[in-house]
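> Spelled out, the chains give:
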Amino acid sequence: MTTLSLPRRAPAPRDAPGRPARARRHGRPVYWLYLVPGAVLFVAVIVVPFVMNVYYSFTRWPGIGDPRWTGLDNYTRLLADETFWTSFRNSVAMVVAMVVVPTLIGLLLAAVLFDYLGKRFGPRVASVLRATYYLPQVLPVAVAGILWSWILNPQTGALNVLLREAGLDRLALNWLGDTSTALPSVMTVMIWVQVGYPVVIFMAALQRVDPELYEAAELDGAGWFRRFRAITLPQIRPETFVVTLTCTIAALKVFGPIYVLTRGGPENSTNVPSYFAYQSFFPKSQVGYGAAIATVLTLVVVVVALVFIRLQAASERREG
Amino acid sequence: MTTEPVVLAPPAPSRGTARTPVVQRTRDRNHRGAVRWVVLAAAVVVAVAMMVPFAIMLLNAFKAPGEYSAEGPLSLPSSLYTDGLVAFWQRVDYPEKLLNSTLIAGSVAVLATLVSLLNAYALGIGRIRGRMWVVALFLLANMLPQEALVYPLYFLAKETGLYNTQLSVIIIFTVIQSAFGTYLLASVLSTFPPSVLEAAALDGASSWQVLWRVVFPIARPTLSVLLIFFFIWTWNEFFIPLVMLIDNSTQTIPVALASLQGDRLMDVPTINAGALVSLLPAVVFFLVFQRTLTRGITAGAVK
Chain B
0 MTTLSLPRRA
10 PAPRDAPGRP
20 ARARRHGRPV
30 YWLYLVPGAV
40 LFVAVIVVPF
50 VMNVYYSFTR
60 WPGIGDPRWT
70 GLDNYTRLLA
80 DETFWTSFRN
90 SVAMVVAMVV
100 VPTLIGLLLA
110 AVLFDYLGKR
120 FGPRVASVLR
130 ATYYLPQVLP
140 VAVAGILWSW
150 ILNPQTGALN
160 VLLREAGLDR
170 LALNWLGDTS
180 TALPSVMTVM
190 IWVQVGYPVV
200 IFMAALQRVD
210 PELYEAAELD
220 GAGWFRRFRA
230 ITLPQIRPET
240 FVVTLTCTIA
250 ALKVFGPIYV
260 LTRGGPENST
270 NVPSYFAYQS
280 FFPKSQVGYG
290 AAIATVLTLV
300 VVVVALVFIR
310 LQAASERREG
Chain V
0 MTTEPVVLAP
10 PAPSRGTART
20 PVVQRTRDRN
30 HRGAVRWVVL
40 AAAVVVAVAM
50 MVPFAIMLLN
60 AFKAPGEYSA
70 EGPLSLPSSL
80 YTDGLVAFWQ
90 RVDYPEKLLN
100 STLIAGSVAV
110 LATLVSLLNA
120 YALGIGRIRG
130 RMWVVALFLL
140 ANMLPQEALV
150 YPLYFLAKET
160 GLYNTQLSVI
170 IIFTVIQSAF
180 GTYLLASVLS
190 TFPPSVLEAA
200 ALDGASSWQV
210 LWRVVFPIAR
220 PTLSVLLIFF
230 FIWTWNEFFI
240 PLVMLIDNST
250 QTIPVALASL
260 QGDRLMDVPT
270 INAGALVSLL
280 PAVVFFLVFQ
290 RTLTRGITAG
300 AVK
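So the protein lines, in turn, are chains B and V.
As numbered in numbering that gives the first Met the number 0, residues 0 to 319 make up the first sequence, in order.
As numbered in numbering that gives the first Met the number 0, residues 0 to 302 make up the second sequence, in order.
Bear in mind the hints are in silico, worked out from the structure with no lab data behind them.
Please read these numbers as outputs of a predicted model, since none were measured by experiment.
Ideal Cβ positions, reconstructed from N, Cα and C, are used throughout, including at glycine.
Mixed in with the good hints, there may be bad ones.
To be verified - DEER-style ranges, computed between Cβ atoms:
# : chain 1 : residue 1 : chain 2 : residue 2 : range
1 : V       : L79       : B       : Q154      : 20 to 30 Å
2 : V       : P220      : B       : L212      : 25 to 35 Å
3 : V       : L286      : B       : V39       : 35 to 45 Å
4 : V       : V85       : B       : S179      : 35 to 45 Å
5 : B       : L232      : V       : V85       : 51 to 61 Å
For reference, chain V alone in the conformation it holds in the complex:
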């Protein structure tokens, strides 16, 4: 959590040695501007290459099939053709899929964060015996391929009547995500200042009160990072939802889109419009939470 996403923050004034703008200038004199523009151009070319698939998707989502065969993928559509979008929207009942994805990812984000907090409270602050082993077990679970769990989960879900329900996926991902969350949060909470805890204990606070009145408010920034990550990870999950959710009415957006693959009614505008509206929620989420995300990824890496 030490690395804030402040790219190139100005150096603290207290730093002893003088910043060396002189050196910078002499170096630039050698390159005389030309090189830096070449480097910028190269970096922009890579960025454009990354964006090409999205640009092609946008260009062809609202272009009539006839125009696509005549003008190709790079032309601007001459009129706004929305039949593809309408066809996809109705075929998969998009609002329902959006609701399913939101319900699953939202529930998992909240529940997994809660479970992570409870686990990490016992491990990081309670320092219960054998905690190293418990943390190692969670870490190991985090590495497990889902393939090694999927058939028994499928079997157990059928036995308990949870098969083909959103609840099955919510339970499974609450556990899978909280395995990572516990690992991360336990190490964050183990650095919690003991004096604060001792003060609360002297005031006669129970461990439950300490958790919610002392630890929770202080850990809130980390918890919000976890919450956002769990949401996005669960939103993007494919394998277990594919196995567990076979009905169009329970499916998530990626699974519903994949189930239409190879369908002969999926013409070019339908595929592109479908991909567009399926990617859109994640893009919006990314733009809204970009700062938190970058902070979170780096937190995960440093721990």
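Next up, chain B with everything else stripped away, as it sits in the complex:
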């Protein structure tokens, strides 16, 4: 022991020959102490519950009494459960509605606002329009969903009342109550909720781009669309990654809008993993099963995020 500790202590005086010990201690305070409150809370609210949830997923438990260990039973049951597959298929629909469509529309709107309207009508016009697109993003999504669920109500909802007034009774469908229209209706609401986020991020990204690039392209006679493809898109690629990653994670986790719009119905046609897990936990008291769904969802989210980050790193390497 002594031979080990000796060389470690030896360099100390060489390090700071003239400096008093007090100053050394001040130069290197025990910073990890600042992490203690955060770490304690983190363990209590995230780590312990997460581990408990994984444990529940290997048990059968109605929420009272003791959980009974059943191994992988919940997972094998999940794989054979049609609702489970439907819910993840609907997640793909949510990715389309919350990532693909908003990103495409957002790119176009941001480019038009920044590079076209902003220059011709002044920055105020652009920023007012941007605020208008962004507004649904700052509202409680559950409340916005309740407003929409009334608008889409088959009897008293604004949409069907209007359609009937216009004599289009045949178009006055049961938007959220029919298996063929429920998912497209929910997707439309989600596009409305989501579209402002990419607009704001992309507009900020465009401010980063050197205006001389655009000027040079304009001098070369490149039209608006050519500049959009050749300059705008490649320049704001980092932000596009961030937007698609954060929105994909949000789409996989979506709960509030489903809860207030359809409760996953009709016949599970709008069920999503998070709502499916909630249903198992609370109304059905199948805690182990719900925990298994939540664990699978977590895995999917983490894998998707890792794939995204790898792709981004790869594309940066290609460029650099």
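For chain B, the structure is supplied; the task is to place chain V on it using the hints.
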């Protein structure tokens, strides 16, 4: 934090090449004004489409049910019908819900910002060993679906007597929000000028004094962005408050409104007035803090 929300700031005069108004003009000559108006109209149409649900809500929040069935959703109300608003206000005891939401979101905003600052001080400035792993852990926690935590949290809250109290939601969201805040702030603080810290250390300042007298004042703009974001995010949260707060007296605005859904007393003006007063605080907040918000979103994206 590099992108300020100054849309189309005039180019710095020092920039070498001359701005090219000439090019702009020749291009416009080709389009002769017509195209730009078409593009503006298209952008305005999208904006109007975004606002339609709110307009319909406003039109029908103060319209009598009979008038709604006779005149439809687009007519202006002939008189100000306030029974819907009164019914909603009394049913959910709106002032109490407003207070609950404010209490929860406000406490979380302050506490989560504080925890983020302490964590980030250790990670970004203290550069403690293994900090990359700690930051990665916070980032991972930020991605976790709340469903993977909710049942144990519900169980633990019941065990500790915190179930159905605002405190349970405050504690949970302080941790969830500070996971993001730590990640963001740690990378901001890691760029903190070391010379400033060294100077303070030479003056004999303790690390606690450095935190509050040097780091805190300089990091204040970022902290205020975090504070506002945490407030809005927590205000808008739905899933965990729905599970944790089952009593009308502890609920937040979105949960209280959702609990009335499908109620047969919720007629058209009541739903719309309810949605209106439930959205209003967030809209006001948005209008007041719009600049900070746009700056914050972009800061989050660039980091």
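> Are the hints correct? Go through all of them and say.
Quick rundown of the hints versus the structure:
1. Between L79 of chain V and Q154 of chain B the Cβ separation comes to about 25 Å, which falls inside the hinted range of 20 to 30 Å.
2. Between P220 of chain V and L212 of chain B the C-beta distance comes to about 29 Å, which sits within the given range of 25 to 35 Å.
3. The given range of 35 to 45 Å is respected by L286 of chain V and V39 of chain B, whose C-beta atoms sit roughly 38 Å from each other.
4. Roughly 39 Å separates the CB atoms of V85 of chain V and S179 of chain B, a value that falls within the hinted 35 to 45 Å.
5. Taken as a hint, the range 51 to 61 Å holds for the pair L232 of chain B and V85 of chain V, whose Cβ atoms sit roughly 53 Å apart.
In summary, this structure violates none of the numbered hints.
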